[in-house]
Amino acid sequence: MDRETLTGAVTTRRALLASALAAPALVETANAQSQFDWKRFRGERIEVTIQLSPRGTLLQQANKEFEDLTGIRCGIEVVPEQQHRQKIIVEYASGRPSFDVAELSLHVNKRQVGKAKWNTDIKPLLADATLTSPEFDFADFGAGMVQYATQADGRMDSCPAFADYFIIYYNKELFAQKNIAVPTTWEEMFEAAKRLADPSKQIYGHVGRGLKNANVVLWSSYLLTTAQRDMINAERQLITDTPDAIWAGEQYKRFLRDVSPPGSIGFNWNECQTTFMQGRAAMWVDGIGFAAPLEDRNRSRVAGKVGYALVPKGPGGHHCALFGAGYGIPEASRKKGPAWYWIQWALSKQNQLKFLTSGAGVPARTSPFSNEQAIASSHFPREFFQTLEGSAKIARAGLPEIVPVTQFRDVIGTALTNTISGADVATELRRATNEFRPILEQSEKDS
Amino acid sequence: MPDDAAALPAPRGLSDAATRRRNYARRYAWFVVPAAVVVVSVIVFPWLFTLYVSAHDWHLGSARRFVGFDNYVKLFGDARFGWAMARTLYYTLLAVVLPMVLGIAAALAFHRKFPLRGLARTVFILPMMATPVAVALVWTLMFHPQLGVLNWLLAQVGIPPSMWVYAADSVIPTLVMVEVWHWTPLVMLLILGGLASLPVDPYEAAKIDGANAWQSFRHITLPLLMPFIVVALIIRTIDALKAFDTIYVITQGGPGQASETINIFLYLQAFAFYNVGYASAVVVVFFAIILALAALLLWTRERVKQT
Numbered sequence: 001m002d003r004e005t006l007t008g009a010v011t012t013r014r015a016l017l018a019s020a021l022a023a024p025a026l027v028e029t030a031n032a033q034s035q036f037d038w039k040r041f042r043g044e045r046i047e048v049t050i051q052l053s054p055r056g057t058l059l060q061q062a063n064k065e066f067e068d069l070t071g072i073r074c075g076i077e078v079v080p081e082q083q084h085r086q087k088i089i090v091e092y093a094s095g096r097p098s099f100d101v102a103e104l105s106l107h108v109n110k111r112q113v114g115k116a117k118w119n120t121d122i123k124p125l126l127a128d129a130t131l132t133s134p135e136f137d138f139a140d141f142g143a144g145m146v147q148y149a150t151q152a153d154g155r156m157d158s159c160p161a162f163a164d165y166f167i168i169y170y171n172k173e174l175f176a177q178k179n180i181a182v183p184t185t186w187e188e189m190f191e192a193a194k195r196l197a198d199p200s201k202q203i204y205g206h207v208g209r210g211l212k213n214a215n216v217v218l219w220s221s222y223l224l225t226t227a228q229r230d231m232i233n234a235e236r237q238l239i240t241d242t243p244d245a246i247w248a249g250e251q252y253k254r255f256l257r258d259v260s261p262p263g264s265i266g267f268n269w270n271e272c273q274t275t276f277m278q279g280r281a282a283m284w285v286d287g288i289g290f291a292a293p294l295e296d297r298n299r300s301r302v303a304g305k306v307g308y309a310l311v312p313k314g315p316g317g318h319h320c321a322l323f324g325a326g327y328g329i330p331e332a333s334r335k336k337g338p339a340w341y342w343i344q345w346a347l348s349k350q351n352q353l354k355f356l357t358s359g360a361g362v363p364a365r366t367s368p369f370s371n372e373q374a375i376a377s378s379h380f381p382r383e384f385f386q387t388l389e390g391s392a393k394i395a396r397a398g399l400p401e402i403v404p405v406t407q408f409r410d411v412i413g414t415a416l417t418n419t420i421s422g423a424d425v426a427t428e429l430r431r432a433t434n435e436f437r438p439i440l441e442q443s444e445k446d447s
Numbered sequence: 001m002p003d004d005a006a007a008l009p010a011p012r013g014l015s016d017a018a019t020r021r022r023n024y025a026r027r028y029a030w031f032v033v034p035a036a037v038v039v040v041s042v043i044v045f046p047w048l049f050t051l052y053v054s055a056h057d058w059h060l061g062s063a064r065r066f067v068g069f070d071n072y073v074k075l076f077g078d079a080r081f082g083w084a085m086a087r088t089l090y091y092t093l094l095a096v097v098l099p100m101v102l103g104i105a106a107a108l109a110f111h112r113k114f115p116l117r118g119l120a121r122t123v124f125i126l127p128m129m130a131t132p133v134a135v136a137l138v139w140t141l142m143f144h145p146q147l148g149v150l151n152w153l154l155a156q157v158g159i160p161p162s163m164w165v166y167a168a169d170s171v172i173p174t175l176v177m178v179e180v181w182h183w184t185p186l187v188m189l190l191i192l193g194g195l196a197s198l199p200v201d202p203y204e205a206a207k208i209d210g211a212n213a214w215q216s217f218r219h220i221t222l223p224l225l226m227p228f229i230v231v232a233l234i235i236r237t238i239d240a241l242k243a244f245d246t247i248y249v250i251t252q253g254g255p256g257q258a259s260e261t262i263n264i265f266l267y268l269q270a271f272a273f274y275n276v277g278y279a280s281a282v283v284v285v286f287f288a289i290i291l292a293l294a295a296l297l298l299w300t301r302e303r304v305k306q307t
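Protein sequences appear in the order of chains D and C.
Our numbering puts the first residue of the first sequence at 1, with every later residue one more than the last.
Our numbering puts the first residue of the second sequence at 1, with every later residue one more than the last.
The hints are simulated quantities; they were obtained by calculation from the structure and are not laboratory data.
A few of these clues could be false.
[Stated by the list, open to error] Per the computed footprint, the stretches of chain D lying under chain C, defined by three or more beta-carbons under 8 Å from a beta-carbon of chain C, are:
1. 86–92
2. 181–195
3. 265–274
4. 403–414
Bear in mind the structure is a predicted one, so any value in this text is a computation, not a measurement.
Don't be surprised by glycine CBs; every beta carbon is placed ideally from N, CA and C.
All chains should be built: construct the whole structure from the sequences, respecting the hints.
Structure representation (C-alpha cells):
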C-alpha cells in the first residue's frame, strides 16, 4: 500500500528504486543543506495568512513539517479568496498588519500593494546566502512568473508562487457522441457548442461566467486573441471600447446568450463548475485550477471524461489569460527572516511538485514540469499537463495592472452582463468605458 | 448607614429630598465613567471619525485629502446610489409587509387550540434559528435554474421553470421570498406574545353584543395588538433595511446591479473599491434615513399608545 509522507509524496517501489539510484545526488544535496542554518530563527513565532484553496489546505496540513525543520512556530490563517484580498488590504492600510507572510493575488492586489510599498523587496533576501538556502534555487522559477511578480519600479515585493491559466474543459463523451473535434478557433468553438447542445436533456454546448465582475476574465480571454490584446495601452489609457474590445464583447454575448444555459447571467465559477460536473455542459472556459474537483469521482459525474485544451485562437493572435499568486512579507513585519524561511519552505521544489501532481495549483517553478516520473504517477491525464505547458507559453495577464482593478471588473462586468440580456455590446462598452475612464485617470495621477 | 447627604446644608429653595438626590448624583457620578468610556469609544468616536472621513477623498493605500462636502455632492448625483436606494426601499417594503401579514395570520392560527399545537409552533419557528449565511447557501443551490430542486418541483406540477435569482426581474421578489421564509416566525412569536396577554372581558362583552368573529378581530384584537404590531414593524423594518448577508451570498448584488441594495453598494465602495471617504458619506446619509424612519415609527407607536 502506498504511504503518504509529510511532504505528501507517495512512496512506491518505483520511487524507492529511483531514490536509491539518486543517492549520490541526495548526499550532495544534504551536504549543501547542512551548510544552511534552518534553525537560525528557532523559537520565533510568525503568522501567515493565505487563501482558502487546495494548496492553502495542503500547506496548512504540512505546517508541522516547517516547524520541525526550522524550530519556528507558525500560525497559519486560511481565509476564502475574496475576503482574504480585502482583509490583507485593510490590515496593510492599518500600518500594523497582524501577519508576517501574506498571499497576494497578483492580478488584483499587485499594483495597489506595490504603489503603497506595503511589502518588503525580497531581492536582498534572495541575495543573502545566510538567509536563502542554496536548495531554494530561484533560477528554477519561470521567467514569466518572476516578471509577473515584479513591480514596475523593479522591486519584487512577493515571491511568485502559483499561476492560473484559462483553458477549455470539454466533455469527451459528448464530443465523441457527435464526433466533433476539439475547437482551435472561437468560431469553431461556437459551431461545436451549437451542435453539442441537446435542450431536451438540458445539455448545453457551453457554460461560462455571467456574473458581473467575475465575467470580465472570460471577456478578456476573447480580447487577448485580438491584435489589441490588452485593456489599457502603453500610455495607461483605457481601450475597452475599441473595435477589438467590441468584437470580444460580441463573442461574449453570443456564447453566453446563444449556447449557454438559461440563467447564465448569474453564474459565477461555482455554478459553471456544478453545471459542467453534472454533465450538463459540453465546454467550459475557466481557470485550470478546477481540474481537481472535476476529476473527483465522489463529486463529479464527468470524472475521467474531462478533456483539456488550450483556449482557441482569435483573429489577432493566440493568448490565454494568466492570473497568479505570490507570497509577500509586510514591510512592517519584525520577523522578516523567519517569514522568508517560511516562503522558502512553502515554495520548495518538493512542495511545488506536490501541488502540480495533486492538481492543487500550477507551480511558479519550472522543474516540476520536467519530472516525468511524478507526472506519470499523477491521476491527471497527460493532456492536462500538456495543456498546462502549452498555456504557459501563450499566457498573458488576464486583467490590467491597475490599482482600481476591482472597480474595473465591476463597471465592465456590469456592461457585459447587460449584453446577455440583449443590450447592444458597443453601447454598453462605450458607456462603461466612459464611466471608468476618469476613475483610472485619477488613480494613475495618484500613482 | 449614616446619611451624610442629610448632614450637608440644603441650598435655598431645595427640599431635603431634592438635595439628597443631587448629592447622590454628585457622589456616584464616577460610577458612570466605565460605561461612558465604552460608549464614547465604540459609538461616539467611530461616528465622529466616520463624519471626519466622509469629508476626505481617501482610497486605502493613498494619501487622505480634505474635500469638504464633495463626497455628499457626488453621492446625490450618483445614479447608482439612487437606484440602490430605490431597490432598498422596494426590498424593505416587500420584506416588511409580507412577513407582517403572514406572521399575524400565523399567530392567530397558532393562538387557537388544536392537536399538536406545540409541535407545529416549534416547526414553524425553525427557519428563524438557522444561520443566515447557511440559509443563503442552501437557497442558492435550490435556485440553480437547471439543477436546483425548486425548478424540479415546478416541473412535477407542470409549471415552467423560473430563473429565480438568475434574472433581473425576478431577483428581488425571490430574495424577499427567502427573507419571508426566514423571518415570518419572528413576527409570529411577537404577535403570539401579544395575543396571550390580551384580556378576555372585551371579547365576552362583544359576544353578548352579538359581534361576529371578524368584528371582534377588527374592533378588539387589532387595536389591542397594535403596540405589538408596531414593535414587530420596527424590528422588521430595521432588519430589512440592513439586510446584507443573504443578498451578498446569493447574488452579490447581481445579475448586473439588479439586487444591489444600499448595503451592497456601501460594501463595494468600502471593501472592494477601498473608497473609504465616499463609503463614509454613504454611511452618514443612510444613517440619517434610518434615523428618520425610526423616528416616524416611534412617533406612530406613541400615537397608537395614546389612542
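A quick look at each hint next to the structure:
1. Given a C-beta distance limit of less than 8 Å, the hint that chain C covers the stretch 86–92 of chain D holds, as 4 residues qualify and 3 suffice.
2. Residues of the stretch 181–195 of chain D with a Cβ under 8 Å from some Cβ of chain C number 0, which does not satisfy the need for three, so the listed coverage is violated.
3. Using a Cβ-Cβ cut-off of 8 Å, 6 residues of the stretch 265–274 of chain D lie near chain C, which meets the minimum of three, so the contact claim holds.
4. Only when three residues or more bring their CB closer than 8 Å to a CB of chain C does the claim for the stretch 403–414 of chain D stand; here the count is 6, and the claim holds.
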